[in-house]
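Chemist: All chains should be modelled from the sequences, with the hints used to inform the complete structure.
Chain order of the listed sequences is A and B. Take the first sequence: its letter number 163 is residue 163 in this note's numbering, and every next letter is one higher. Take the second sequence: its letter number 79 is residue 79 in this note's numbering, and every next letter is one higher.
If you are wondering where the hints come from, they were derived from the structure by calculation, not from laboratory data. Do not rely on the hints blindly, as some may be mistaken.
With a straight-line Cα cutoff of 30 Å, these simulated DSS-like cross-link-like pairs (lysine-lysine) come out [as the list claims (entries may be wrong)]:
#1 A:LYS56 <-> A:LYS13
#2 B:LYS8 <-> A:LYS161
#3 A:LYS33 <-> A:LYS205
#4 A:LYS172 <-> A:LYS156
#5 A:LYS156 <-> B:LYS8
#6 A:LYS201 <-> A:LYS156
So these bits of chain A aren't anywhere near chain B, every CB distance computed over 10 Å [to be verified]:
#7 VAL97
#8 ARG108
#9 CYS175
#10 ARG202
#11 PRO229
#12 GLU230
No residue lacks a Cβ here, since even glycine has one placed at the ideal position from N, Cα and C.
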Amino acid sequence: MSPYRALQAETVKCGHNGDQGEAYYARPIAAGKYPGIVVIHHLPGWDEWIMEVVRKLAHYGYAAISPHLYFREGSDSPDDIGARVRAAGGVADAQVVGDVAGAIAYLRAQPNASGKIGMIGFCSGGRHCYLTACTLSGIDAAVDCWGGNVIVDNPKDLNQKRPVAPIDLTEKLNCPLLGIFGNDDANPTADQVNRTEAVLKRLGKNYEFYRYDGAGHAFFNTWRDAYRPEQALDGWKKVLAFFARHLASSATSIAAE
Amino acid sequence: MCSYIVEKAALVGSAKGRKGWMRIDTANVYFDHPYYSTLDHVLAIDFTNEGEGGRDRVAVELSADSARALVARILAALASGEAAHGGPAPAITDSAAAA
Chain A
1 MSPYRALQAE TVKCGHNGDQ GEAYYARPIA AGKYPGIVVI HHLPGWDEWI
51 MEVVRKLAHY GYAAISPHLY FREGSDSPDD IGARVRAAGG VADAQVVGDV
101 AGAIAYLRAQ PNASGKIGMI GFCSGGRHCY LTACTLSGID AAVDCWGGNV
151 IVDNPKDLNQ KRPVAPIDLT EKLNCPLLGI FGNDDANPTA DQVNRTEAVL
201 KRLGKNYEFY RYDGAGHAFF NTWRDAYRPE QALDGWKKVL AFFARHLASS
251 ATSIAAE
Chain B
1 MCSYIVEKAA LVGSAKGRKG WMRIDTANVY FDHPYYSTLD HVLAIDFTNE
51 GEGGRDRVAV ELSADSARAL VARILAALAS GEAAHGGPAP AITDSAAAA
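Modeler: This is how it looks when you write it as structure tokens:
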């Protein structure tokens, strides 16, 4: 199956409980039914790299959408909005889960929807992905890319916005989970990744974890010095193969290109 | 790492941003991935006026080493400046007066 080179990308509105925010939405132009994927952005915000990821997934045959989780802070540049969100202690978990649910509802309502829904998140979005996969039903596959603070070692790090460590919700995980991690990452550390895997294994969850030497946090991010091309290319192959397997569709993978 | 860890410093001062000079009352200080720099991690400072909503900021991103050097230079500038301008330490004030 060839990739989909003709795409349509735009900013749309979606939301939850009456809050309507921006989301970046890309999909193949060719008529057909496509699985949906929600892309949960990293802590720096809803930036150009995240939009590249959305278009990449559309290229491989998905209707991909990334909700702007910081839209309530206005329409300034992503870095200024991200700085304000950071200064305010981040966004609340419940709000993020709601915004992701709104994005899923948007995907399901489109005439091109195949009915399958995946999620992928990076950095804080990896944590949000894990959390959401343990909270919402109707998700068919989830990818956590180096989400930190899935395990919370210091209870003082829990607060009103982040009241529960996602690891403590693992029993409710009801979709296959792919984890991508750099062994040089400081958050999550290799030890925390091992402990997360141990919980998934103990609870009999369907998961795949891949760890990369010579890579730290955000090693897919082509905008950062952290980018590691060899590891990132292999990681993307794992991600696309995982989605192709669990969202079973006309979608393609790097290996098939 | 990506964290929400922020050290907040209350300030009395002003800063020049995209709209010109503004009063600032807060510095949000953190060590994390940058927005602009190509370094892996930076010491970032956002100078804002949270009393007026904190929507505008003057931002800097510094390497860890240069941030530490800056701290030393700030303290040095304060010491020499206070000495030159009649700071609280009498010995320094006397020295500055002699200079």
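Chemist: Tell me, which hint numbers fail for this structure?
Modeler: No hint contradicted; all consistent.
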